[in-house]
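Turn these sequences into a full structure, and let the hints steer you where they fit.
Each chain, written out:
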Amino acid sequence: MHLVLEKRAERSGTIALVSPLIAIGLTLLTMVILFAILGKNPLLALDAYFIAPLTDGYSLQEIAVKATPLVMIAIGLSLCYLANAWNIGAEGQFLIGAVAGSWIAVKTQGTDAGAWVLPAMLLLAAVAGALYALIPAICKVRFGASEILTSLMLVYIADLSLDYLVRGPWRDPHGFNFPTTAEFDPVATVPLLIEGGRLHLGSIIALLVVAAAAILLGRTIKGFEIRVVGAAPRAARFGGFNANQLVILTFAVSGALAGLAGIIEVAGPVGHLQPGISPGYGFTAIIVAFLGRLNPVGILIAGLFLALTFIGGEQAQIAMKIPLDVTKVFQGILLFYVLACDSLILYRFRLVFSNRQVTRGAG
Amino acid sequence: MLDPTPNGLHSGEPPLLQTRGLTKRYGDFVANDSIDIEIRPGEIHALLGENGAGKSTLVKAIYGLIQPSAGEISWQGRPIVLSGPSDARRRGIGMVFQHFSLFDNLTVAENVALGLDGSESFKDMSARLAQVSKTYGLPLDPKREVWQLSVGERQRIEIVRALMQDPKFLILDEPTAVLTPQEADQLSIVLERLKAEGRAILYISHKLDEVKRLCDTATILRAGKKVATRNPRLETAASLARMMVGSEIKEVRAAAGRQTTVPRLVVNDLSLAPAEAHGVRLEHVSFELKGGEILGIAGVAGNGQDELFAALSGERLSKDPGAVVIEGIAAGHLSITGRRKLGAAFVPEERLGHGTAPRMKLSENALLTGHAASRMVRHGFIDTAATLKTVDTATETFDVRKAKRDPEAASLSGGNLQKFIVGREILRNPAVLVVSQPTWGVDAGAAAVIRQALLDLATEGAAVLVTSQDLDELVEITDRIAVMFHGRLSVPLPTRETTREKLGLLMGGSSLEPKEAVHASGA
Ligand SMILES: Nc1ncnc2c1ncn2[C@@H]1O[C@H](COP(=O)(O)OP(=O)(O)OP(=O)(O)O)[C@@H](O)[C@H]1O
Ligand SMILES: [Mg+2]
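The listed protein sequences derive, respectively, from chains A and B. The numbers in UniProt numbering rise by one with no breaks, and the one at position 120 of the first sequence is 120. The numbers in UniProt numbering rise by one with no breaks, and the one at position 3 of the second sequence is 3.
If you are wondering where the hints come from, they were derived from the structure by calculation, not from laboratory data. Each hint should be verified, as a subset may be incorrect.
Unchecked claim - In silico negatives: residues of chain A with every beta carbon more than 12 angstroms from chain B: (1) T30; (2) L38; (3) T111; (4) V229; (5) A231; (6) A319; (7) M320; (8) F336; (9) L346.
Stated by the list, open to error - Straight-line Cα separation of at most 27 angstroms, DSS-like style, residue types lysine-lysine; simulated pairs: (10) K389(B) - K341(B); (11) K143(B) - K123(B); (12) K341(B) - K319(B); (13) K222(A) - K361(B); (14) K222(A) - K389(B); (15) K502(B) - K222(A); (16) K361(B) - K341(B).
Claimed, not checked - Restraint-style ranges between C-beta atoms, simulated for each label pair: (17) G77(B) - G25(A): 41 to 49 angstroms; (18) E276(B) - A145(A): 28 to 36 angstroms; (19) I148(A) - Q131(B): 40 to 48 angstroms; (20) K143(B) - L304(A): 52 to 60 angstroms; (21) K143(B) - S146(A): 28 to 36 angstroms; (22) S121(B) - A145(A): 37 to 45 angstroms; (23) S286(B) - C139(A): 53 to 61 angstroms; (24) I148(A) - S121(B): 35 to 43 angstroms; (25) L116(B) - A145(A): 37 to 45 angstroms.
Beta carbons are placed, not taken as given, at the ideal position from N, Cα and C, and that holds for glycine.
Put into structure tokens, the structure is as follows:
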């Protein structure tokens, strides 16, 4: 008896929906083993990670706050990935957006600039993110440079630029030499949805982005172009769709969304620009995009789930002294299983009860 | 080697392979309905049937590629369950697919090595490759890279690769669909030889004359069921076709008095460097095609037909806008969408991956070429109802058989997908239709439907350009025929005045008398 992997004739719709759940199940199983090896009670650890955060209102809001950038970035990335353009540098586009938007906040600090400040910040952040993402896109289209490498390398440039600005020109003079800008003015801050709570306007924007992406992919010819170019490049060319143009477009859109997420994070929950504003949102969003099946609604759910692991990780650290890096391990294992389970959409396992006679060389 | 078995005498001897009640369901759809078939050593057994009759499904089950829903396969008298193709190969079942699975940039020997299961060294394998190809008169240079080879040579690799496993039973799925007549003749010689060695062969083909010549037994499928097993030598092509279809096949008829009108597609001195290292350079190609006219392009594959298609469709642009003129408008610089908007439509040779996105639904594939000039898109939004309507109309007009209303393109049988693609373009009522290999792998009945549709389109005033390997097809439907050789196109001859010999000469690169064909001096 043995197990074989057999190609399916048609891709399985059911498995496409179930595969992320299988992946999550396998990840949890692996985590249980990992916790046991770390000498922690697996059940308590799982409780701290996945149940406890769901039981109080503050944590629930915090999950939504964390999910906001993840979902916005992942939506953009999913457009790239569907079109076979591999933007790995959303983290950099996120940071550049944060920096560009903060520039307005820093320059208008203490002036009587009016309500235009926040919209201008959002706009500038989106434009900056898009332009930053266009660098790898244009290098790919013009010179054939691998967008995977170039977009990734640009993350470090963005990171260090931010570092330079908050340690140098933009440092808060009254900030005890901490590398941070001054707290943004109220006109440069994303408004809260609930007085005294954590939930902010950014979450609404994220929902709008999800809806827009769903319409784009499901109903419009542009969305169709994106899907065909990725799924069957030669047929797409026959259809009259230009793959290079779509690389440019999807990179620009995903850069804009990452940049927007960046400024919303800075002008929202954080309140000022400082290093470490992102716990790796741009990278985690890659997992969100795949876990969500590159589907807008799927990404919304996956974003909430991964946000839960961030919050859960913090709680587990506080309650059980489990290192925060375990969250990253968790996310890595999850991505691994998601990609592995995806092969089940096109293939299936079959148990074969062999009654094989060796016929080799006979005759 | 295997013992030769006197063929035709089935007395007592157990069949090599036998299926009993073999059934394959896809959802509610029954692709194979309780099929019994027996194949004996030393026979060439034909499997006949219309497009979508279930031939490929049956052989895929026998080769372990798909798992039957019910029924039994016996091998050498014992029931077996195949875990996959490698299991089948281990037992002595080999298969040559219609679509080659070769890597263009690897050599012949490397390709063969990749397809074998064993653990023998590359050197031993190469030696065995040379020996097998010599034994069977299938010459192959192991060091050549695949891209340099013709279709016939590529198929030879697949056959040699299958033979190197020393199969007792070899399945060939439409092996001659893509071969020139000469190559097909060579293949028959090899098959006769394999038969003489006592091997069994299961042979799928739509070419009934070939089947009558070559095969000892024929099993005929219709709509998933076996309708008969006969000796094809005692049948006529027409009687076989009748069993396949269940009724008589209509003859293709050109409407009398077709009028040619104004030139709708004009190509002026089109020269184009190849897009890839392996391509053919187009040199000074010129012709003029009027409305109401069908022009055929004959030629051995790989002489620039693909390049010409790309240049006409706009998948490749020419520097000179005037090189391609559609409906009186210089279009050489226009994209494929721009050309579609001028009223042109295109059907490429490759169905999956070029003409359609295999993993997308038919309705989405209707949109693929329909978005430009049909009313399927409004203000950037897709009108799903309109795309589905195209699917339904094409299904009805061209009798496309499929398991559900809007399946993925890849799940259709080869011939049915071809009918859909041709239908999708014809339904747009194009002014100019450029079509490559319109009936590759399409059964006789459906081929007649497609040819008739091309004739009707011309009757309604469209200009039709047909590239085909099938000379009979070209003679049947075209008004003029030109031959492509080494990237050059001969001067078109009226079809009435051509003979097979004349065309054969042109296809081989010889020129006719200078006054008759100035451009044909391909050398
Ligand atoms: N994976 C699948 N899902 C649903 N239907 C399928 C699938 N594969 C094949 N079919 C259906 O089964 C039928 C038989 O297909 P098959 O490929 O065996 O036909 P065929 O006899 O080889 O035809 P052709 O001469 O056109 O190659 C077709 O109607 C096809 O649509
Ligand atoms: Mg078939």
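Going through the hints against the structure:
1. T30: Holds: least Cβ distance 29 angstroms, greater than 12 angstroms.
2. L38: holds, 41 angstroms
3. T111: holds, 42 angstroms
4. V229: Its Cβ does come within 12 angstroms of chain B, the nearest being 10 angstroms, so this is violated.
5. A231: violated, 5 angstroms
6. A319: holds, 47 angstroms
7. M320: It holds; M320(A) is separated from chain B by about 46 angstroms at its closest Cβ, greater than 12 angstroms.
8. F336: holds, 24 angstroms
9. L346: Incorrect as stated: the minimum Cβ-Cβ distance to chain B is 9 angstroms, not above 12 angstroms.
10. K389(B) - K341(B): holds, 20 angstroms
11. K143(B) - K123(B): holds, 12 angstroms
12. K341(B) - K319(B): holds, 20 angstroms
13. K222(A) - K361(B): Judged against 27 angstroms, a Cα distance of about 17 angstroms means the pair holds.
14. K222(A) - K389(B): holds, 21 angstroms
15. K502(B) - K222(A): Violated, at roughly 50 angstroms.
16. K361(B) - K341(B): holds, 24 angstroms
17. G77(B) - G25(A): 41 to 49 angstroms: holds, 45 angstroms
18. E276(B) - A145(A): 28 to 36 angstroms: With a Cβ separation near 21 angstroms, E276(B) and A145(A) fall outside 28 to 36 angstroms, so the hint is violated.
19. I148(A) - Q131(B): 40 to 48 angstroms: Between I148(A) and Q131(B), where Cβ atoms are some 46 angstroms apart, the hint holds.
20. K143(B) - L304(A): 52 to 60 angstroms: 58 angstroms Cβ-Cβ, so the 52 to 60 angstroms window holds.
21. K143(B) - S146(A): 28 to 36 angstroms: The hinted range 28 to 36 angstroms holds for K143(B) and S146(A), with Cβ atoms some 32 angstroms apart.
22. S121(B) - A145(A): 37 to 45 angstroms: holds, 40 angstroms
23. S286(B) - C139(A): 53 to 61 angstroms: violated, 41 angstroms
24. I148(A) - S121(B): 35 to 43 angstroms: holds, 37 angstroms
25. L116(B) - A145(A): 37 to 45 angstroms: holds, 38 angstroms
Figure legend: structure checked against the earlier numbered hints; hints not met, in rising order: 4, 5, 9, 15, 18, 23.
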